[in-house]
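Residue numbers (the working numbering), protein chains in the order written: chain A, 1 to 593; chain B, 1 to 359; chain C, 1 to 351.
The hints are simulated quantities; they were obtained by calculation from the structure and are not laboratory data. Some hints could be false.
Unchecked claim - The following label-pair restraints were derived from C-beta to C-beta distances: (1) B:V115 / C:G310: 31 to 39 Å; (2) C:V54 / B:T306: 54 to 62 Å; (3) C:A176 / B:V175: 25 to 33 Å; (4) A:Q432 / B:G107: 51 to 59 Å; (5) A:I458 / B:A41: 28 to 36 Å; (6) B:N307 / C:G121: 29 to 37 Å; (7) B:A41 / C:V107: 36 to 44 Å; (8) C:L41 / B:G107: 40 to 48 Å; (9) A:S366 / B:L119: 44 to 52 Å; (10) B:I191 / C:S261: 29 to 37 Å.
Said to hold, decoys possible - Here's a subset of chain A near chain C, in silico, CB distances under 10 Å, partners left out: (11) Q170; (12) D186; (13) I206.
A virtual CB, placed ideally from N, CA and C, is assigned to each residue, including glycine.
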Amino acid sequence: MDPEDPGRGADGRDRGRPGQGTTPDATPTDAAQPTPTPPDLPPDAAQPTPRPPDLPTDAARPEAAPPSPAPAPEAAGPAGNGDQDRADGAPGTAVPLLSLRGAAKSFGAVHAIVDASIDLYGGEVHALVGENGAGKSTLVKILAGVHRPDSGQLLVNGTPTVLHGPAAAQDAGIAVIYQEPTLFPDLTAAENIFMGRQPLRRGRRIDARRMRAQARALFERLGVRLDPGRICRGLSIADQQIIEIAKALSLEARIIVMDEPTAALSAAEVARLFDVAATLRASGAAVLFISHRLEEVFEICQRVTVMRDGRQVLSRKLAGLTADDLVRAMVGRQLDDRAADGHHTPGDVVLRVERLTREGVFTDVSFDVRAGEIVAFAGLVGSGRSEVARAIFGIDHYDAGSVTVRGRPLRGSSPTGAMAAGVGFVPEDRRQQGLVMDMSVQQNMALASLGRLRRAGIISSKSERNFAADWALRLRIKFGRLTDPVSQLSGGNQQKVVLAKWLGRQPSLLIVDEPTRGIDIATKAEVHRLLSQLAGNGVAILMISSELPEVLRVGDRILVMREGRLVAEYPHSEASEETIMSAATGQLQGQAR
Amino acid sequence: MEPDRDTSLAATVDAPVGWRSRIPARNMLRWETGLGIVVLAIGVLGVSTSSEFLTGTNIFNLGLQSGEIAIMALPMTLIIISGEIDLSVASIMGMASAVLGYLFAKGWPMPAIFVVVLLVGVAAGAINGLLITRVGLPSLAVTIGTLGLYRGVANIILGPNTISNFPTAYTNLGVNGVLGTNLSFSAAIFIVLAVIFGVVLHFTPVGRSIYAMGASPEAATFAGIRVKRIKTLLYITSGVICSLAGVLLTFRLSTAVNTNGLGLELDVVAVVLLGGVSIFGGKGTIVGVVLGVLAFAGISNALLLTNFNQEAASIPVGILLLISVFVPNMAQLTRRLRDAVTRRRHAAPPAPAMGSGHD
Amino acid sequence: MSTTLAPPREPPEAPADLSSRRLTERVFRVRETGIIAVLGLFVLITAVIQPRFVSSSNIQFILVDTSVYALVALGETMVIISRNVDLSVQSVLALSAYLSAGLFGHVHGIPIPVVFLVGFGIGVAFGAANGLMVSLGRVPSLVVTLATLYIIQGIDILIVGGNEVVASSLPSGFTAIPNVTVLGIPWLAIAVAAVIGIGAYYLRTFRSGRELYAIGSNPEGAQLAGIPVARRVFTAFTLCGGIAGVGGVLWAAQYQTINTSAGGNNFSLIVIASVVVGGVAIFGGSGSPVGAAIGALLLGTINVALDVLGISSFWDQAIAGFLLLVAITLDRLISLRLAAALRKRSAHDGT
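The following block holds chain A by itself, in its conformation from the complex (with noise of 0.2 Å):
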């Protein structure tokens, strides 16, 4: 953020301040202001703007010369329905382009949403916002069509509506981006996009030559450079989540739905996915955004509403709110979201990292940690800093280097000897790496630590049980019985499974990849303390993390790794989100180890 004008970026882009969104009738924002290209795109300014039919075409507005389309400030039209709300953000006479009412829905015992309540209006970025729990992924399972609502009313244009499943919900122009896209890897781009929907030819076959066609011309109205004959094996979440985008288009969707896209996005590949949402909004399509990163949804949105408890507890214009508000809303109460303060002094050097190098991942990577010290891994998703740390731990593999811990080098073959030497690994994916979800929340726990449960080689049940009860309790982890699924838990608490599962092993390294990623905010603070403790008790800590917040909150020691390099360190006391975000996309120069 450019100190000197807190509402201009870095890159030149109003984007208003936090609080205000990017209200159409505001200050011409990206429209006026060249576009940053994002970094697929030609710099040439010589393209004509592909503009989406409803919008008067402007080719003559120079400053708006690049592809990535940017939505004219003038198009009012089914946009910008905020204009037309009352001064307190509460809607206005609009219709909105859909609308839930009071809804429910309860799986069994659990009542997943008690009255949620929500209205989408056209042209504009709604943000939907809310703690792990609170209701909001259910939300989006009744406007995808995959779950029917127990009561309340879904109005689709003004019209009651029931979706009896996912084709429905497309039908009523629906569409929703997950997290995760679902494609099929073993098709084309192009052939994802139209299944079930391929253009035809004489005698009902496949027009593949239309349907390439067509998807390019999709591509290109986004602004983005993919093969349709591409098959989608390999590509990256970004790439995905754009096919997606592009089959919602083709879908002639009025309601898109993103739900937390950005998560596994690099900060370049969130702004072509911002200037996608901009397109769409200009279209007149209305955006549900689902984050629960704040700074974003001060970004790119005009609305917002929170979620808590199953309920709606707040919905209105983003214009006037502050971050703080959101998280009072949407937590209850004020959060002290500082963490335990205390940088630590540290110990002796648990872990030497030399020279680690793997083709095509990391280059050269060299670092220590210390005990009683976190060290943050910055960078872009993408840097290489998961995969130097599963190289750490001996389930990738590496080609040069050497990894030491307490003086003993790890020949790095598989897990085993690092969990000998005392390393714990907290994956990135919870559902997938951290937890089998078959499995009750005790043998979750107990899993990495069967050895020293068991007596005469027959696991001992009572250990085990009192290893977790002790465990669960000293984590404050919220379950049912031991016993019980952990797929049952909340995404905080399962973290916490996952955490409790190493300390248990009393590891004095303990590598945390993404340690807070889809968790709730009071939990996430309660991460973040029990880390600054274990540090405080003497354990090494490397934490990898793309959320540069949490990152200056919790990291004594900064390190930023850039295309698989180790390009910049710095103390706490040095670091700032400029600082490591420049060094993360490779602006700064000269810091490098």
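Once you've looked at the hints, dock chains B and C against the given chain A.
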């Protein structure tokens, strides 16, 4: 601490202790109980249709006929729970039988032959294990391949020959029971192995690891479980056990021929699935498989006694197999059928279809 | 959050994407042509060693002998593409062979096409049962078709008992089917090839065909995309059964003596092996019935080649099994290389 919506009960640390925490989900227990009832029913049916059913000699025959399948079902159980499958079991059996016959015809002493046969089993299992864990090939495809390969090796070794002059000391296991009782050798071996496998699967860290890797292979690796090593060992164990079964079969029939055991692999899989082991991995018990063995053996035996075409025993086996997969899904199935019916009853969705026309 | 962007880079005119697409396409095409190449190489080497191998009678024999397997492989391919498997084709074929061929003895003068229809009908009935259970019951097809394999086998044993259909009861028009040649090529092989061609074309150019691939590639995604998964899977199984039924009739025409051992002991597994060797992924989502047919052809050729080369026929099972292992190993290595190459490319794109 704010209330957590996803767990409706208050946090209690209290939990039932002991064996209950070990036994997988409650509906598994339901299957074992149901199967137990079925086995009893088969027993009752058998007794009522033939007075010979519960006689000593019949029990002996029962144990004899299904002995090899039962023994092979034990390592198969662990393999399926770990998320894989082994269709080469009958071919390893055949290969062992062929080696046995071939070396015997060459005049080798029995103990030496046993060692070689054992090694053959180890090699066969190791090849399976390595292809699946190191090269990363799907076990269904690999073991279909080795099914052919090993049967082919048996063919090559024995050719059209039949060896049948085995010493009676060995072939007697097809005639006498253990220590003169009515327990056939194969049944006795099965019981011992079942106990061993049962203890390993349900009470040891290795067993817990097997469940973990079947339920969630990635999480198991991340927890430090040596998935590849354990799976390879499971296949080697299977190879050894199948070789043992091959030896038992050869002696029981007093014949070594290249078609020994032909087609048995599906029987072994059927018995394991009958026992309630999920084909997806991560679920199942040894108790269930033992009951499955009893059900399988009981059915064919009962049919044999009633002079019904014994080979038609595959019908009740098939039906039981179907029940084994449908019953756990019963609740979901009825709900889905209900949904399908209500969906059909409703009119077309209000918004006009936007080209998503499915034919 | 500061979103400083990297300076815009010259886009490589999307050649990166284009070349990675070319790469993947190249690889997939290689797979199909690869197996043709192996077949060609095999025939070539054998012919060089023993020119008798490529005699017209041998070629005719191979083509006829393989036809049934290739045809059943068509149905099995559709099922496997959708990430399922049908183990029961073996017993469906056996039962159909007996019942349809037996018709000749029971209904005097019954026209041959009717018999084919009956065989098809029997297969469709069992296939539909499989399809219903798998699609509605959402139970694993491996287990269901294993069970129906057993059940149908039992039914077959009960119905057939110790009887058999003998060649003399079959009309000469029927038994001549395998022998009719057109320009030296067995008519049967041409007909089967045509059916397979139609099947392959259908899978490639019609929506419902592509949806089968989608279902196999990502079953949950297919559901979410609104594909009528249950209907497609049901159709696949029904067709697979029907085709197996027709295969039974053809088997009867070829072997003429039908008892309980019709089809052989490992028929289902041989068909699945052909399909996998032919490049169809065992987990579905990719592959073609043409590849499967070539796989069947390859396995059939081995038998005859071994015979001609004087190698004991006892080697053919071993070689077939070995070939299957080689095929899937190569597939795996190639896809690993491909993934690594694609990863390197997208890494260079800076995503």
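May I ask which of the numbered hints given earlier this structure violates, with the numbers listed in increasing order? Structure breaks hint 3 only.
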